[in-house]
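*Asks:* So you can see what is in the structure, the chains are spelled out below.
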Amino acid sequence: MSNLSTTYLGLNLKNPLVVAASPFSKTLEKARKVEEAGVSAIVMHSLFEEQIIHESLELDHFLTRSADTSAEALSYFPDSDKYLVGPEKYLKQVSDLKKALKIPVIGSLNGVSKGGWTSYAKQIQDAGADALELNLYYIPTDLSLTAQELEDAQVELVAEVKSAISIPLAVKLSPFFTALPNFARRVVEAGANGLTLFNRFYQPDFDLEEMKINPSLELSSSAEMRLPLRWVSILYGKLNADFALTSGVHTAVDVVKAMMAGAKVTMMASALLQGGEQVIPSMLADLETWMKEKEYTSVQQMQGSMSQKAVKEPAAFERANYMAALNTFRDL
Amino acid sequence: MKKPVITIDGNEATASVAHRLSEVIAIYPITPSSNMGEFADEWSAKGKKNIWGTVPSVIEMQSEGGAAGAVHGALQTGALTTTFTASQGLLLMIPNMYKIAGELTSTVFHVAARAIAAQGLSIFGDHQDVMSTRQTGFALISSTSVQEAHDFAAISQMSTLKSRVPFLHFFDGFRTSHEVSKIFQLTDDELRQLIDDDLVRAHRSRALTPDRPVLRGTAQNPDVYFQARETVNPYYTATPAIVQEMMDQFAKVTGRHYNLFDYIGHPEAERVVIIMGSGADTAEATVNYLVAQGEKVGLLKVRLYRPFSLDYFTKALPASVKKVAVLDRTKEPGSLGEPLYLDVVNALAEGGRGNVKAIGGRYGLSSKEFTPAMFKAVLDELKKDQPKNHFTVGIVDDVSHTSLDFDPAFSVEPAETVRCVFFGLGSDGTVGANKNSIKIIGEETDNFAQGYFVYDSKKSGQMTISHLRFGPKRIQSPYLIESNQANFVACHQFTFLERYDILKYAKEGAVFLLNSLFDKDQVWDNLPVEVQQAVIAKKLKFYVINGYAVAEKTGMGQRVNTIMQTAFFAISGVLPREQAIEEIKHAIEKTYGKRGEAVVQKNYAAVDATIANLQEVTIPKTVSSKMSRRAAVPAEAPAFVRDVLGPMIGFDGDSLPVSAMPVDGSYPLGTTQWEKRNIALDIPVWEPDLCIQCGKCVMVCPHAVIRHKVYDEKLVASAPETFKHMPSKFKEFSQGYAYTIQVAPEDCTGCTLCVEVCPAKDKTQAGRKALNMAPQPALRESEAKNWDFFLEIPDLDRKLINPSTIKNSQLLRPLFEFSGACAGCGETPYVKLVSQLFGDRAIVANATGCSSIYGGNLPTTPWAVDAKGRGPAWSNSLFEDNAEFGLGMRLTLDKQNEYARELLPSFEKELGADLVKALLNADQTTEAGIEAQRERVAALKEKLGKSSDSRAKDLVSISDSLVKKSVWIMGGDGWAYDIGYGGLDHVLASGRNVNILVLDTEVYSNTGGQASKATPRAAVAKFAMGGKGIGKKDLGMIAMAYGYVYVAQIAMGANDQQTLRAILEAESYDGPSIIIAYSHCIAHGYDLAKGLDQQKLAVQSGHWPMYRYDPRLAEQGKNPLTIESKEPSVPMSQYAYNETRYKMLTQMDEARAEDLMKKAQKDAKARWNLYHQMASMHYGNEEESKS
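Protein chains in written order, with my numbering: chain X, 30 to 361; chain P, 3 to 1189.
Some hints here could point you the wrong way.
[Stated by the list, open to error] Derived coverage of chain X by chain P (criterion: at least 3 residues anywhere in the stretch with Cβ under 8 Å from a Cβ of chain P; other residues may be distant):
no., region
1, 78-84
2, 89-100
3, 105-118
Keep in mind the hints are simulated off the structure, nothing from the lab. Built from N, CA and C at the ideal position, the CB exists for glycine as well.
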């Protein structure tokens, strides 16, 4: 029997299939199902800085905007002594998941600015999370904001979060950096123990009937894996960090590719959302079958085996690769 | 040990005792008592226990009548039971009050005493409601202040348990119920000492129980009823002494001593005033002042009014008294005097004091101010040899000449008391901040403190005035801060300066704080001349702060409350600045902390940014401004508007004499047009190049401020320069017609619904529509001219308009315009549509609620007339009887029509057979037919007008009834689903031709969001704090069950064409019709600009299926039900969680929210399935079915 175990952020995992930040952590029932199906860890849905602030301000706005404006209606809503508008709900879920599951639970924090809210990182740790994934999700639209300023701010944020916790920290990046390797290095130097590549943006779509913008989520396909595959391959072995590959992992073959690029784990959401938790056992079985057929005894054996450092033609990951692809396209 | 002090209002003070001394509380919202029920419900929902350690059970009933019934039942089964009410609500309780008293049942009703609807409704305070119950057998006990309301709530309960006589504890609505005051709190321990548990158990032992059954409530015959009625006399005889005993016991525990009649004043007073309620506090301060000046005057405060104790009264009144004046805060037309006066006259006679001269007078109706000056005028009147009896004080009565003159400059307020007046915009949070300030001052300093808040009657752009007093001496000033008395005046909205005389309040040397876009160097030149004059003449210290800039920068939006509050503390020096800031922050944490850190932080940021932005203005020595304060209404307004409504608009209605008032409560229509409130920051701007002339913007506008017209293109020649127009695209009016959409810039509220609904988008710039918002100030002048020109363009002849399409229907002139409803109101577009379609022949019966307030609250009304002077005749009867009221209107119209038709044939000779025949057989199904009938009626009047024949005169007098009239019965869900449902059901069943429009906001909107039976499952509302656990009542289904009622459920935002069709069909149906209209509301808790989107989601989620049920179809063998919405296609949660009313439950109790939302989802599906099945049923005739 092949050895599927791996390590990630210092956690010993029975296999490289980890649930990415997604709705599977929102209920204990769903989380238990994916655990039973065989995943080795679960990254929780994100605690969003903006969402917490927004919900809090929104609640306040609608409770107070019409209060004390009319002799007959001094308010329009009863006012509770307590509202779950802070991180409490999320923290309780961390704690509940930890009690309900045997596999490691990785908290997820999504934010862009420094400030008091980074104390949530410590609270997630205190609630029992085995590690924390910090999601640097930001759409820069300000024409005056430079890449340097943005990167500096994000690196500072990583350092601030790291200083608040003692559990391992992974940072989830977007692919859109002019000099990704340098930025990745800075993030690791700021304290990240792992890098999760990459974030999938919710890309807006246009509704041509209403002429409106619809934010919508399209699930990934295997083809999308190429992007993180390239970057994990390039960065593997050059930074003192574990890599998690996410975006487009749908099959055992995808997992194998990710491992060979240098990832310690793969993270999946779309495959689970599409096929349900039952995709896990079949992927694990396929992975074992593949490994047997190719005579791999362990997952760790293949990790990094096709990284840029390990292959004969490192340039294949660079521009030549692009040219080749274009040529292929033309041939068609 | 130091006694605990709290700073709360009279309602909370009362409820806090009542809740702790009750087991069952049955309630129904009515201003100004609603808050007591809300507090009780909230406390019970939070698990707060009574003094016996159990949480009182609180239930909301369908009316006060229902609440009284539930109270009666709970009492009969042995629970300590209470209720809270006022005004019409108390009147509805009277039948049960007789029963409860007749059965000698211990209970306390707490009443925030309020005026009664007579010539007009009033939500404000007087004793008319309480006086209507003085014959029921309840004991009546009166509190004069917030402290007393707190204390007497306990004394009443102690007394009723011992005496078995039920008690009505009352205090002045608003003046006491809403005054925030620093009081000593009754602790649970004190209450336990005060209440005798043996008496509680005795109360229980009298309960009905099958274990020891009795029969109570027999029907009695002439032989014994009388004797049985007399059995209770000993209990009433004993009650005064019992109450005094309880007051004495109360004094032992608390140190606060009261008497049934409390005398204050000179021990050998010759002139004494007798009074009860908050006016007694004013009187006490004045008497003390005058006695100190050597006057032999006094005051007798009446605490226990019923049973009236001759003995205690006589003992309390000093032997030296020669003359008394009795002040009643009530009115009994036609009586020899008001009730307290008559009681006193009787008591003097029976008590052997017949030599004392007694006069009586009225004061303070509907919270009319009662000041030391007025009180002194009464004492002065007593000096006269022949003092005026049956006088009034506080008004100028130039009709019956009852009023006493008074010197408004007379004041008795201690010099140490600091008085502050704050003018705020309703939405800027000024009142809330001031409530916090009063708490800070009251609880963090040794000062006594008082806060009272005045609101105008609009629901959008409204002004609030906060009156704050604090100082080392007890504050006995239950009246507004008077002119030239304020040490501090703050104006939180710059534009108020051009509308109101704000600085009249400032005394010499006072501080004036202004929220200003202009800094210290620019502000002076931007002030109206009157303000400059006052600042110089009164030697004011003048500070400005750009509160809006600070608010914007710190994330506070439009709410300048925290900033202005900080500025107030920084300047006023009430507390050391650092301590004040600390206390403000503490209050912020306490108030907002539970809503999240972000809320606290933004408020903190606002506090911190305030001081740096506060600037003192160096005051020039001379007036330089060329601007004058605007008149309340323009000079060209009609005389009544200018002379009567104008002062009311300018907050000077108190100056109007009796002769200015209509005698029967009738007011002219179309008066909102003169207000020009200028409350919109942005207004829509029309882009003709994109416009498709659909009329949707006109239809959804809640305030009728955006309109469209097609007109003779030649008129364009005389248009103002910036007036926009384009060729008409209407197929009926194309050649030679121009088209314009015009906005009334000074009446718009800036709600943006018109922009939201506009379907025409720029092909090169999707964000640009045919309507876009732009700042109002730059457009105000030019667009006002354009609006005036637009109004001059003649309306199209109604006969030419087929109203069945949206664009055409919107050519009809709205006869409901510029209401004071909330910006973006979801109700008024329906009301306006009815006014357009049928307004020139409509009579409207309007249930009390939001629609009666924005429709009929003085000073102005949005109901308007057309160019011919016709328009909706509107009236409000009550909350509970509106359907019946409207039916009565129909009955008159039908009766007069019938009588006219009976008379007509006998005038064939005078009128001509053809005219008579045409009048009798007129087809009035179209506008043309109706117009033709109007012309025939005009001909009839012409021909018979000069006849001396009595029957001819009769015919002329009722001939208008020959023209088809449209009766509209309108109101909210509180009326239709709850308090008025019995009547509504009966009217539906009557088969008569009335049209009922239910403006369903799914909550009692006007009184502040209490749950009704229309409130949906999973929504949070007051009295449903944990989310409503049961589903919404299906009023439409109930109405459909009759089979002969036209029923429609509509949502304009989801399908405007269906709305139009339903309203047209309902009106055309010669029988009862009911339309249930989804009305988005501020009480739903989201940005009302998205109201139309939410309506769509409500329909798509299945929460609000749209349908029409037309009985005429059944007669044709067709299924009468047409469903006009599709099977639910979006989850209920997607609709619901855009709204605070649903979402807040997820933040309060997630598990319950989830459970209720699942059930609500099932409700939606089940409802749709049921309707779908009904709509699929075969409706052919029997023979057809058999075949």
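*Asks:* For every hint, state whether the structure bears it out.
*Replies:* Taking the hints in turn, this is what the structure says about them:
Chain P is given as covering the region 78-84 of chain X, and this holds because 3 residues of the stretch bring a CB closer than 8 Å to a CB of that chain, at least three being needed. For the region 89-100 of chain X, the proposed coverage by chain P is satisfied: 12 residues have a C-beta within less than 8 Å of a C-beta in that chain, meeting the threshold of three. With 12 residues carrying a beta carbon less than 8 Å from a beta carbon of chain P, the region 105-118 of chain X meets the three-residue requirement, and the given coverage holds.
Going down the numbered hints, you'll see the structure goes against none, and every one checks out.
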